Amino acid sequence: MEKEKEEILEGIYKAAQANGDNIISILQELQHQFGYVQKDSVEWFARKSNIPEAKFYGVLTFYSQFHMSPRGKNIVTVCSGTVCHVKGSARIISKLREDLKLKGNEVTTKDGLFTLENVNCVGACSIAPVVIVNEKVYGKMSPDKMLKNLKAYKE
Amino acid sequence: MSVVTLHINDEIVSARSDQKLLEVIREQGIEIPTLCHMDGISELGGCRLCLVEVKGSNRLLAACVTPVQEGMSVYTHSERLVNYRHITMELLLSERNHTCAVCVMNGHCELQYEAAELGVDHVRYEYMTPDLPIDASHSKFTLDHNRCILCMRCVRVCDEVEGAHTLDVMGRGTNSRIITALNRPWGDSISCTKCGKCVQVCPTGALFEKGSSVGEMEKRHAFLSWILNGRERKEWHW
Numbered sequence: 001m002e003k004e005k006e007e008i009l010e011g012i013y014k015a016a017q018a019n020g021d022n023i024i025s026i027l028q029e030l031q032h033q034f035g036y037v038q039k040d041s042v043e044w045f046a047r048k049s050n051i052p053e054a055k056f057y058g059v060l061t062f063y064s065q066f067h068m069s070p071r072g073k074n075i076v077t078v079c080s081g082t083v084c085h086v087k088g089s090a091r092i093i094s095k096l097r098e099d100l101k102l103k104g105n106e107v108t109t110k111d112g113l114f115t116l117e118n119v120n121c122v123g124a125c126s127i128a129p130v131v132i133v134n135e136k137v138y139g140k141m142s143p144d145k146m147l148k149n150l151k152a153y154k155e
Numbered sequence: 001m002s003v004v005t006l007h008i009n010d011e012i013v014s015a016r017s018d019q020k021l022l023e024v025i026r027e028q029g030i031e032i033p034t035l036c037h038m039d040g041i042s043e044l045g046g047c048r049l050c051l052v053e054v055k056g057s058n059r060l061l062a063a064c065v066t067p068v069q070e071g072m073s074v075y076t077h078s079e080r081l082v083n084y085r086h087i088t089m090e091l092l093l094s095e096r097n098h099t100c101a102v103c104v105m106n107g108h109c110e111l112q113y114e115a116a117e118l119g120v121d122h123v124r125y126e127y128m129t130p131d132l133p134i135d136a137s138h139s140k141f142t143l144d145h146n147r148c149i150l151c152m153r154c155v156r157v158c159d160e161v162e163g164a165h166t167l168d169v170m171g172r173g174t175n176s177r178i179i180t181a182l183n184r185p186w187g188d189s190i191s192c193t194k195c196g197k198c199v200q201v202c203p204t205g206a207l208f209e210k211g212s213s214v215g216e217m218e219k220r221h222a223f224l225s226w227i228l229n230g231r232e233r234k235e236w237h238w
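Note that the protein sequences, when read in sequence, are chains A and B.
Quick note on full-length UniProt numbering: the first sequence kicks off at 1 and runs consecutively.
Quick note on full-length UniProt numbering: the second sequence kicks off at 1 and runs consecutively.
To be clear, the hints were calculated from the coordinates, so they are not data collected in a lab.
Nothing here was measured: the structure is a model prediction, and the numbers come from that model.
Beta carbons: idealized from backbone N, C-alpha and C, even for Gly.
Hints are not guaranteed to be accurate.
[Said to hold, decoys possible] Some but not every residue of chain A turned toward chain B, in silico, with C-beta under 7 Å:
hint	residue
1	Ala-18
2	Lys-48
3	Pro-52
4	Glu-53
5	Thr-61
[Unchecked claim] The calculated DSSO-like cross-link candidates involving lysine-lysine, where the alpha carbons are at most 27 Å apart (straight line), are:
hint	chain 1	residue 1	chain 2	residue 2
6	B	Lys-194	A	Lys-55
7	A	Lys-39	B	Lys-194
8	A	Lys-95	A	Lys-154
[Said to hold, decoys possible] Cβ pair distances, simulated, as ranges:
hint	chain 1	residue 1	chain 2	residue 2	range
9	B	His-237	A	Arg-47	27 to 33 Å
10	B	Arg-231	A	Lys-14	56 to 62 Å
11	A	Glu-106	B	Val-214	38 to 44 Å
12	A	Asn-19	B	Ser-213	35 to 41 Å
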């Protein structure tokens with residue numbers, strides 16, 4: 001492991017110790033520092049802090065806020081809640097996947113520009129179907145309208 | 001330690017105040033099914049087979065994690081409970097691929113035994129038949145996710161008795177799975193001590209010793225109390 005990275009990890013470790021070795025806050029800090037939770041830094045932590053690796057992995061996979069692979073520059077979140085689903089969110093997702101050339105279980109594009117994910121409800125059913133790009137909310141979307149909106153992020 | 005008195009199926013029973021309901025019920029010679037409970041490790045309250053009815057509470061309570069209370073009135077085999085246990089067992093069986101005929105534990109399996117005791121001869125729910133892998137990378141044992149019921153006995157015994165905590169659970173709901181270390185193959189795990197406690201406590205054929213064929217795997221449950229009692233009496237020397 002590079003020296004710089006180890007120094008960052010050492011810093012997180014010291015802060016975590018003062019916090020009483022809280023697994024969730026360690027993982028949140030790791031994700032904040034590196035953009036996603038890297039396997040080797042979890043291994044480093046498990047060795048250092050006496051928290052078993054398996055326990056880390058259990059928490060990592062339980063919460064959807066944690067990611068174990070690099071994420072795109074823009075996060076596109078499509079709502080798949082009941083109302084959005086009825087209003088055709090599945091069609092938006094398949095159109096976007098086609099446009100972003102995502103295959104199989106992939107969620108991030110090859111150029112690292114976009115990550116596409118769906119959530120179960122964003123609580124904005126009155127403007128369903130909803131798509132959120134980064135922090136901006138697009139309501140009453142259709143597949144074609146969304147493709148147009150997405151173009152602005154491609155530059 | 002104070003003593004409390006309570007009613008179990010309308011019989012007056014006395015118990016120590018630190019006891020759990022399950023222990024008291026079993027002391028009375030009343031049989032209730034359990035899968036996640038095991039003497040010697042902590043309680044989980046996960047399998048929901050030991051549910052009992054307590055007067056004054058309209059929720060059903062898991063006997064293994066409910067402490068006894070003065071004057072409580074407990075029913076263990078009401079019509080509602082028999083029905084619910086039946087349903088719980090059917091749901092357990094429908095979740096993964098429990099095919100007894102090709103299982104190493106056929107005839108010695110706790111899941112099979114409890115299902116037969118409850119009279120579950122068919123499952124009314126659609127089988128989920130998930131596509132699950134088998135981890136045979138370990139030199140002595142095999143982990144077959146198809147037969148796992150997520151009772152977490154292996155996880156608890158690995159953490160509490162062996163102290164290795166090689167095993168844990170990943171994911172949520174029906175996607176949950178037993179993992180070893182950072183979801184690496186079991187054979188690559190550096191924390192596993194190959195003690196085999198997880199295999200011996202597993203109620204189904206999900207964990208078994210390599211080389212056993214259909215119906216050949218028998219688990220030795222008594223070993224756990226043997227180890228723990230020996231520790232208490234300081235019989236072990238090394």
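Now the hints, each set against the structure:
A hinted interface residue such as Ala-18/A counts as satisfied when its beta carbon comes closer than 7 Å to some beta carbon of chain B; here the least separation is about 24 Å, so the hint is violated. At a threshold of 7 Å, the smallest CB-CB gap from Lys-48/A to chain B is about 14 Å, leaving the interface hint violated. Evaluation of the Pro-52/A hint against chain B yields a held restraint, the C-beta minimum of about 4 Å falling below 7 Å. With a cut of 7 Å, the hint placing Glu-53/A at the interface with chain B holds, because the nearest CB-to-CB distance is about 5 Å.
A hinted interface residue such as Thr-61/A counts as satisfied when its beta carbon comes closer than 7 Å to some beta carbon of chain B; here the least separation is about 4 Å, so the hint holds. For the suggested pair Lys-194/B and Lys-55/A, the alpha carbons sit about 19 Å apart, so the restraint of at most 27 Å is met. For the hint pairing Lys-39/A with Lys-194/B, the CA-to-CA distance comes to about 24 Å; that is within 27 Å, so the pair holds. Taken as a hint, the Lys-95/A and Lys-154/A pair is honoured in the structure, with Cα atoms around 16 Å apart against an allowance of 27 Å.
Hint check: His-237/B to Arg-47/A, Cβ distance near 30 Å, so the stated range 27 to 33 Å holds. Restraint check, Arg-231/B to Lys-14/A: a C-beta distance of roughly 36 Å breaks the suggested window 56 to 62 Å. Against the hinted window of 38 to 44 Å, the Cβ-Cβ separation of Glu-106/A and Val-214/B comes to about 40 Å, which satisfies the hint. Checked against the given bound of 35 to 41 Å, the beta carbons of Asn-19/A and Ser-213/B, roughly 51 Å apart, lie outside it.
In summary, the structure is inconsistent with hints 1, 2, 10, 12 from the numbered list given earlier, while agreeing with the others.
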